[in-house]
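Colleague: Given next are the chains, with one letter for each unit.
2 protein chains.
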Amino acid sequence: MHFATATAVHPVGEGRFDATVHPGWDIGGNANGGYLMAIAVRAMTDTIGRPPLTVTGHYLRPAPAGECEIEVTTIRSGRRLATASATLTIDGKATLTLLATFGEQTPGGPSRQMSGPVDLPPFEESAAAPSALKGPRPELMNRIDIRMHPEDSGFRRGAPSGTAQVRGWFALAGEEPIDAIALMLAADAFPPPVFNSGLPVAWAPTVELTVHVRGVPARGPLRCAFRSRFIHDGLLDEEGEIWDSAGALVCQSRQLALTPR
Amino acid sequence: MHFATATAVHPVGEGRFDATVHPGWDIGGNANGGYLMAIAVRAMTDTIGRPPLTVTGHYLRPAPAGECEIEVTTIRSGRRLATASATLTIDGKATLTLLATFGEQTPGGPSRQMSGPVDLPPFEESAAAPSALKGPRPELMNRIDIRMHPEDSGFRRGAPSGTAQVRGWFALAGEEPIDAIALMLAADAFPPPVFNSGLPVAWAPTVELTVHVRGVPARGPLRCAFRSRFIHDGLLDEEGEIWDSAGALVCQSRQLALTPR
Numbered sequence: 009m010h011f012a013t014a015t016a017v018h019p020v021g022e023g024r025f026d027a028t029v030h031p032g033w034d035i036g037g038n039a040n041g042g043y044l045m046a047i048a049v050r051a052m053t054d055t056i057g058r059p060p061l062t063v064t065g066h067y068l069r070p071a072p073a074g075e076c077e078i079e080v081t082t083i084r085s086g087r088r089l090a091t092a093s094a095t096l097t098i099d100g101k102a103t104l105t106l107l108a109t110f111g112e113q114t115p116g117g118p119s120r121q122m123s124g125p126v127d128l129p130p131f132e133e134s135a136a137a138p139s140a141l142k143g144p145r146p147e148l149m150n151r152i153d154i155r156m157h158p159e160d161s162g163f164r165r166g167a168p169s170g171t172a173q174v175r176g177w178f179a180l181a182g183e184e185p186i187d188a189i190a191l192m193l194a195a196d197a198f199p200p201p202v203f204n205s206g207l208p209v210a211w212a213p214t215v216e217l218t219v220h221v222r223g224v225p226a227r228g229p230l231r232c233a234f235r236s237r238f239i240h241d242g243l244l245d246e247e248g249e250i251w252d253s254a255g256a257l258v259c260q261s262r263q264l265a266l267t268p269r
Numbered sequence: 009m010h011f012a013t014a015t016a017v018h019p020v021g022e023g024r025f026d027a028t029v030h031p032g033w034d035i036g037g038n039a040n041g042g043y044l045m046a047i048a049v050r051a052m053t054d055t056i057g058r059p060p061l062t063v064t065g066h067y068l069r070p071a072p073a074g075e076c077e078i079e080v081t082t083i084r085s086g087r088r089l090a091t092a093s094a095t096l097t098i099d100g101k102a103t104l105t106l107l108a109t110f111g112e113q114t115p116g117g118p119s120r121q122m123s124g125p126v127d128l129p130p131f132e133e134s135a136a137a138p139s140a141l142k143g144p145r146p147e148l149m150n151r152i153d154i155r156m157h158p159e160d161s162g163f164r165r166g167a168p169s170g171t172a173q174v175r176g177w178f179a180l181a182g183e184e185p186i187d188a189i190a191l192m193l194a195a196d197a198f199p200p201p202v203f204n205s206g207l208p209v210a211w212a213p214t215v216e217l218t219v220h221v222r223g224v225p226a227r228g229p230l231r232c233a234f235r236s237r238f239i240h241d242g243l244l245d246e247e248g249e250i251w252d253s254a255g256a257l258v259c260q261s262r263q264l265a266l267t268p269r
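If you're matching them up, the sequences are chains A and B in order. Per our numbering, residue 9 is the first one in the first sequence, and the count goes up by one each step. Per our numbering, residue 9 is the first one in the second sequence, and the count goes up by one each step.
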């Protein structure tokens with residue numbers, strides 16, 4: 009199933025949409041957070057009529073597969089930017105709530121970069137990612153094509169690198185093009201960098217995820233790097249950078265999550 | 009005027025508050041973004057009854073001084089966390105809209121840090137910050153006590169450092185204690201790091217600001233560091249770290265802003 013199909017939304021009224029949280033985009037029965045955000049952002053984008061620039065989602069409950077509803081409220085629609093909130097509901101329960109601003113980048117103008125794309129072995133020479141957790145390979149890994157940096161996959165063998173970092177390539181299965189909405193998935197599709205910290209390899213539930221879309225990706229797989237810089241008092245950060253095949257930064261993400269137990 | 013007084017809110021109904029955007033907390037007539045966020049977060053905190061953990065605000069319009077209203081909607085109130093949205097309205101116009109999750113850190117448990125507090129000359133030996141922009145010293149600089157790293161204030165003399173970074177101390181005037189709500193102000197009180205990039209020193213309007221509260225600050229001034237890593241296509245990021253006098257990370261911030269023209 010293509011990502012575009014898996015995140016399709018159907019308008020049922022002013023700012024109201026039906027959609028399906030499809031099985032196979034989950035980890036252990038809980039829909040991937042980036043996938044869930046992508047469904048909601050598609051509904052928001054359809055309502056606003058402009059692409060997302062910055063999206064924040066707060067995760068309220070685990071998301072089982074099944075029907076869902078999205079209700080979008082336009083807060084302000086200006087000349088350059090428009091802002092909306094939305095809530096995705098499953099079985100009548102608010103599961104993900106979002107606030108986002110929509111608009112276009114304005115190419116050109118001054119440019120400064122403090123760092124360049126993350127260095128990775130070539131995509132073609134990299135192995136597909138093993139499952140992050142013990143047990144059968146998640147179905148999700150058949151829908152996306154993640155190829156981890158070999159230095160960052162040791163946690164799988166009980167040999168975490170000691171640095172809370174994961175780097176690797178991200179693509180959709182079948183070379184499906186990656187748009188601004190698919191960046192939401194890319195921002196939350198890798199195993200958590202905390203798995204390389206030496207802490208228990210277990211679910212680190214996202215409380216909040218913010219995704220800044222910094223450009224429209226060129227065709228081809230994305231270079232991704234995620235790290236957790238501060239883990240303490242039951243919470244951790246996770247910040248990500250995503251670069252396209254042309255060497256442009258296309259996405260920055262950051263989340264606050266609960267420390268795995 | 010104390011920060012606590014300047015951000016006071018008055019309940020006028022279920023989740024509804026009146027407040028005042030006070031003059032003197034602005035830059036050129038537009039209320040400081042962190043100050044405005046603090047007013048709204050105080051209303052949200054009063055409604056939820058727990059301190060903020062992660063707050064995202066989207067800035068919709070400049071905020072002149074005067075009366076304002078805040079309307080808070082509780083989205084979910086769980087055992088550990090509660091999530092709410094709010095909109096701050098001035099003259100009937102939505103000016104700042106927010107999404108936030110509330111709860112407590114859980115001290116103890118595993119801890120990992122990729123870096124330590126930013127290195128600064130001692131607070132007592134540092135000079136109070138000059139105004140960031142040309143013209144008279146903003147009244148705001150009498151209410152907060154910012155002491156910039158000497159290497160980062162050159163933009164004021166037309167000699168930007170070339171690195172889009174600002175570091176320095178933050179305190180409230182009169183040694184007023186800094187709580188989780190005052191961290192919203194600290195997260196947006198410094199001159200934008202883009203001023204040191206060599207780009208024009210002019211207003212960089214915040215589109216989105218997210219503040220993660222990572223701890224309750226110990227008494228004393230805060231060590232702060234902000235930088236813009238990626239400036240392109242009319243937008244820039246700005247990420248911040250704030251450390252307390254005991255050496256604990258108490259806040260992480262990130263914003264997306266429009267590039268100054």
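Hint data in this document are derived by calculation from the structure and do not stem from the laboratory. Please note that the accuracy of each hint is not assured.
Intra- or inter-copy, both count: the list cannot distinguish identical chains.
To be verified - Subject to a maximum C-alpha distance of 25 Å in a straight line, what follows is the list of computed SDA-like cross-link-like pairs (lysine to any residue):
| # | residue 1 | residue 2 |
| --- | --- | --- |
| 1 | K101 | P70 |
| 2 | K101 | E112 |
| 3 | K101 | G23 |
| 4 | K101 | D241 |
| 5 | K101 | A226 |
| 6 | K101 | E79 |
| 7 | K101 | T28 |
| 8 | K101 | R227 |
| 9 | K101 | E247 |
| 10 | K101 | G37 |
| 11 | K101 | A181 |
| 12 | K101 | S85 |
| 13 | K101 | A179 |
| 14 | K101 | S169 |
| 15 | K101 | M122 |
| 16 | K101 | G86 |
Colleague: What label fits K101 with A226 when the C-alpha limit is 25 Å: within, between, both, or neither?
Modeller: neither (37 Å within a copy, 39 Å between copies)
Colleague: With identical chains treated as interchangeable, where does the CA-CA distance between K101 and A181 reach 25 Å or less: within a copy, between copies, both, or neither?
Modeller: Intra 31 Å, inter 45 Å, cutoff 25 Å: neither.
Colleague: Give the relationship of K101 and D241 under a CA distance limit of 25 Å: within one copy only, between copies only, both, or neither.
Modeller: neither (29 Å within a copy, 39 Å between copies)
Colleague: From the Cα coordinates, with 25 Å as the cut-off, is the pair K101 and S169 best called within, between, both, or neither?
Modeller: neither (39 Å within a copy, 51 Å between copies)
Colleague: Is it within, between, both, or neither for K101 and T28, if the alpha carbons may be no more than 25 Å apart?
Modeller: within (15 Å within a copy, 35 Å between copies)
Colleague: For K101 and P70, with the copy left unspecified, which applies at a CA distance of at most 25 Å: within, between, both, or neither?
Modeller: Within one copy, since 10 Å is at most 25 Å while 35 Å is not.
Colleague: Is it within, between, both or neither when you check K101 against E79 at 25 Å Cα-Cα?
Modeller: both (12 Å within a copy, 22 Å between copies)
Colleague: Are the CA atoms of K101 and E247 at most 25 Å apart within a copy, between copies, both, or neither?
Modeller: So K101 and E247 fail the 25 Å test inside a copy (29 Å) and across (34 Å) alike.
Colleague: Is it within, between, both, or neither for K101 and E112, if the alpha carbons may be no more than 25 Å apart?
Modeller: between (33 Å within a copy, 24 Å between copies)
Colleague: Since the copies are identical, ignore which copy is meant and state whether K101 and G37 lie within 25 Å (CA to CA) inside a copy, between copies, both or neither.
Modeller: Within one copy only: 17 Å inside a chain, 43 Å across chains, cut-off 25 Å.
Colleague: If the cut is 25 Å between Cα atoms, do K101 and S85 qualify within a copy, between copies, both or neither?
Modeller: Between copies only: 12 Å across chains, 28 Å inside a chain, cut-off 25 Å.
Colleague: How would you classify K101 and A179 at a CA-CA limit of 25 Å: within, between, both, or neither?
Modeller: For K101 and A179, neither the intra-copy (32 Å) nor the inter-copy (42 Å) Cα distance is at most 25 Å.
Figure legend: structure checked against the earlier numbered hints; hints not met, in rising order: 4, 5, 8, 9, 11, 13, 14, 15.
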